[in-house]
Amino acid sequence: MNVALFIPCFVNELYPHVAMATAELLEGYGIDVVYPLEQSCCGQPLSNNGDSQGACDAARRFTGVFKDYDYIVSPSGSCTSHVKHHYGWYIADDADYQAMQPRVYEIVEFLQDVLKVDRLPKPVYFPHPVSIHQSCHGLRELGHAAPSELMIPYHSRLERILQLVDGVDVRLPERRDECCGFGGTFSVDEPEVSVAMGEDRVAQHEATGAEFIVGADPSCLMHMGGIIRHKCRPIRPLHIVEILTGRGGAA
Amino acid sequence: MKNDNINHAEAAAAFLQDREQARWHDSAIWWVRQKRDMQAKQLPEWEQLRSLAQQIKAHTLSKLDEYLEQFQRNAEQNGVTVHWASDADEHNRIVHGILAAGGVKKLVKSKSMLTEECGLNPYLEQRGIAVIDTDLGERIVQLRHEPPSHIVMPAIHLKKEQISELFHKELGTEAGNNDPTYLTHAARANLREHFLTADAGLTGVNFAIAETGGVVVCTNEGNADLGTALPPIHIASMGLEKIIPKQEHLGVFTRLLARSAIGSPITTYTSHFQQARPGGQMHIVIVDNGRSDILGNDDFYQSLRCIRCGACMNTCPVYRRSTGHSYSYIIPGPIGSTLGPSRDIKKHGSMAFACTTCGSCSNVCPVKINLHEQLILQRKRAFDAGTLKPAKKMGLLAMRFLTQHPSLLDAGGKLMRKVVPIVPQALTRHSAWSRPGRELPDMPAQSFKEMWQARKENKS
Chain A
1 MNVALFIPCF VNELYPHVAM ATAELLEGYG IDVVYPLEQS CCGQPLSNNG
51 DSQGACDAAR RFTGVFKDYD YIVSPSGSCT SHVKHHYGWY IADDADYQAM
101 QPRVYEIVEF LQDVLKVDRL PKPVYFPHPV SIHQSCHGLR ELGHAAPSEL
151 MIPYHSRLER ILQLVDGVDV RLPERRDECC GFGGTFSVDE PEVSVAMGED
201 RVAQHEATGA EFIVGADPSC LMHMGGIIRH KCRPIRPLHI VEILTGRGGA
251 A
Chain B
1 MKNDNINHAE AAAAFLQDRE QARWHDSAIW WVRQKRDMQA KQLPEWEQLR
51 SLAQQIKAHT LSKLDEYLEQ FQRNAEQNGV TVHWASDADE HNRIVHGILA
101 AGGVKKLVKS KSMLTEECGL NPYLEQRGIA VIDTDLGERI VQLRHEPPSH
151 IVMPAIHLKK EQISELFHKE LGTEAGNNDP TYLTHAARAN LREHFLTADA
201 GLTGVNFAIA ETGGVVVCTN EGNADLGTAL PPIHIASMGL EKIIPKQEHL
251 GVFTRLLARS AIGSPITTYT SHFQQARPGG QMHIVIVDNG RSDILGNDDF
301 YQSLRCIRCG ACMNTCPVYR RSTGHSYSYI IPGPIGSTLG PSRDIKKHGS
351 MAFACTTCGS CSNVCPVKIN LHEQLILQRK RAFDAGTLKP AKKMGLLAMR
401 FLTQHPSLLD AGGKLMRKVV PIVPQALTRH SAWSRPGREL PDMPAQSFKE
451 MWQARKENKS
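The listed protein sequences correspond, in order, to chains A and B. For the first sequence, full-length UniProt numbering gives the first residue as 1, with consecutive numbering after it. For the second sequence, full-length UniProt numbering gives the first residue as 1, with consecutive numbering after it.
Do not take every clue at face value.
Unchecked claim - Quick list of in silico lysine-lysine cross-link-like pairs, DSS-like style, CA-CA up to 27 Å:
id, chain 1, residue 1, chain 2, residue 2
1, B, Lys159, B, Lys35
2, B, Lys346, B, Lys2
3, B, Lys380, B, Lys392
4, B, Lys63, B, Lys246
5, B, Lys2, B, Lys105
6, B, Lys418, A, Lys231
7, A, Lys67, B, Lys449
8, B, Lys459, A, Lys122
9, A, Lys122, B, Lys456
10, B, Lys35, B, Lys368
11, B, Lys347, B, Lys380
12, B, Lys392, B, Lys346
13, B, Lys456, A, Lys67
14, B, Lys2, B, Lys389
15, B, Lys106, B, Lys2
16, B, Lys368, B, Lys246
17, B, Lys449, A, Lys122
18, B, Lys414, B, Lys456
Keep in mind the hints are simulated off the structure, nothing from the lab. Predicted model only: the values in this text are computed from it and were never measured.
Work out the full structure: start from the sequences and follow the hints.
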């Protein structure tokens, strides 16, 4: 089985250690990890700003780059969701896309649904309180957890996978899945609202007494991290793969 | 009437200047969302009800012409006069015509977002007819000469102190008495006077039942009942999407409406109007005003399923932190941000961008409108209509190009990583990213692509 890493453009530039942790985690399970060098942005910023031509071109390009791999795995719920659920707006009829679409996974989904892991490659001891950040697209479009709005049985992928980590103390913030306010270009189109939302979110995570905010979407973590840094607060954002590979807390 | 030129980002930034008031607004409305959750949780069949409501509405919209005609036939058989208005102006002319014929000097109105949409109040006032809004929240915003900030809780942007001040000035209540019961009693006494002296009453319509020709109005204050029981003329204005096929379908919607809207099992009053009372007149005005265009649009027709519960506003994290007054269209929040741009993309296109696409609205919606996706699709129209700011459009076109040329995208990324750390903070501090209090992330020495290639070389 080969797995192609889909590393979102901003993760490639700003969070290379998250991408590397994703690769190492997969390799730890004996998987042949490939990183197609010709990949670029998935086109979500174009789509979210109404540039359908640009978004369509990006979708076709992405499909061309990734279609021949067994699985396509990414450490970002939002970018995964764009490929999985919104490319259909642009290239629904594309046979290559139709064949590829079911093989696109966010990393936690892949570990749980395809690899069905019941242990980590290396045992991890992480004796810290962490507050779970459910990022919106992972939550409501990929179904990472039961959204608080829906009256369905509770489940949470992040909580489930953290059960494989020793010593970790998992907490949930008040308003367990409210948006952090990043929203892609929303963060700079409406910066005041975006930061107000982020400040509230960070405060709710802090109120749990957690040392880390743990999520599966680097963009939300970047936004909250920027607010945390501005306020010189001690809580730290952490991507789930950083904990699962035992890198967490070192940074 | 609302100022069409409001820019959401600017208006929201101004609102957020008073962080205390903004926090209060957020928590007050979040509290309603929590009440909604508690009510929904008590019904094991909640998600089934939502699906059923969605299906009934979808079916009705697919045969809307037939159901509207059936409704008209049955209403007319009940002795009701049915009028058709293709747009806001025609609606206002019809209402004025009925009132003028009846020699009406004063109209009492219960809550109707449709008449806000049509701008009925100023139209009638200019023609010498006094219009009194009788829903407490509506009355408050009417006295303040401002539009409602929420479709169910029109004055939710105001604190009791502000209402006390307003009532002191307008109704002569005691200065500084902020007791909500006292203030409500004062408003009631004042409104009672108007109910008794009005010549006609106007209500909105929550549901119009094709099978019976009757309309249903849901209120919590009983003002619709008083407003139709006292004066001899009742006018009910409805958007043409309010139809449901049968009486037996009503229960699905009344069970969802109040729970979604305010977290109550049911509205205090669910009033059924079938015919005029003896000696009186009953008129129903069915309004299109752009709805047929939405019905004919593949991307947006679902928005006509809306039952105006306002749950999408209560859950919207952007709405809660910006108030309804930050939106240019009369209906704010997620549903307004698709209806507004559908009406006029040039005027209201920017509303579609007042959204992080978090998707919470689509999940609370009792008729399962794909709201957050509609907003993304409205952005497509905004882009195509050329309403984006030139700088933003340039940025997107650059991004479009770079997406197709990864080596240039990488070069740009590298440049950013090298340059940002040496730019003085005095310059970055004023960027949209940093201005409201958010630092840039660290710029790593290497991109993942560089790390990956280096690792590969080390391995071989």
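To see whether the hints hold, each was checked on the structure:
1. Only pairs whose Cα atoms come within 27 Å are accepted, and Lys159/B paired with Lys35/B is accepted, the gap being roughly 20 Å.
2. For the proposed pair Lys346/B and Lys2/B, the alpha carbon gap of about 16 Å is at most 27 Å, so the pair holds.
3. In summary, the hint linking Lys380/B to Lys392/B is supported, as the alpha carbons are separated by about 14 Å, within the 27 Å threshold.
4. A C-alpha spacing of about 13 Å is found between Lys63/B and Lys246/B, which places the hinted pair at or below 27 Å, so the restraint holds.
5. Simply put, Lys2/B and Lys105/B have alpha-carbon atoms about 25 Å apart, close enough for the 27 Å limit, and the pair holds.
6. Straight-line distance between C-alpha atoms of Lys418/B and Lys231/A comes to about 25 Å, which keeps the hinted pair within the 27 Å bound.
7. Straight-line distance between C-alpha atoms of Lys67/A and Lys449/B comes to about 20 Å, which keeps the hinted pair within the 27 Å bound.
8. Between Lys459/B and Lys122/A the CA atoms are separated by roughly 21 Å; this keeps the pair inside 27 Å, and the hint holds.
9. Between Lys122/A and Lys456/B the CA atoms are separated by roughly 22 Å; this keeps the pair inside 27 Å, and the hint holds.
10. Only pairs whose Cα atoms come within 27 Å are accepted, and Lys35/B paired with Lys368/B is accepted, the gap being roughly 19 Å.
11. For the suggested pair Lys347/B and Lys380/B, the alpha carbons sit about 15 Å apart, so the restraint of at most 27 Å is met.
12. Using a Cα cut-off of 27 Å, the hinted pair Lys392/B and Lys346/B holds, with the two alpha carbons roughly 16 Å apart.
13. With a C-alpha separation of about 23 Å, the suggested pair Lys456/B and Lys67/A falls inside the 27 Å cut-off, and the hint holds.
14. Simply put, Lys2/B and Lys389/B have alpha-carbon atoms about 23 Å apart, close enough for the 27 Å limit, and the pair holds.
15. Note on Lys106/B and Lys2/B: the hinted pairing holds, with a Cα-Cα distance of about 23 Å set against a maximum of 27 Å.
16. Between Lys368/B and Lys246/B the alpha-carbon distance is near 20 Å, which keeps this suggested pair within the 27 Å criterion.
17. A distance of roughly 25 Å separates the Cα atoms of Lys449/B and Lys122/A; the hinted pair therefore holds under the 27 Å criterion.
18. For the given pair, Lys414/B sits about 20 Å from Lys456/B by alpha-carbon distance, which is consistent with the 27 Å threshold.
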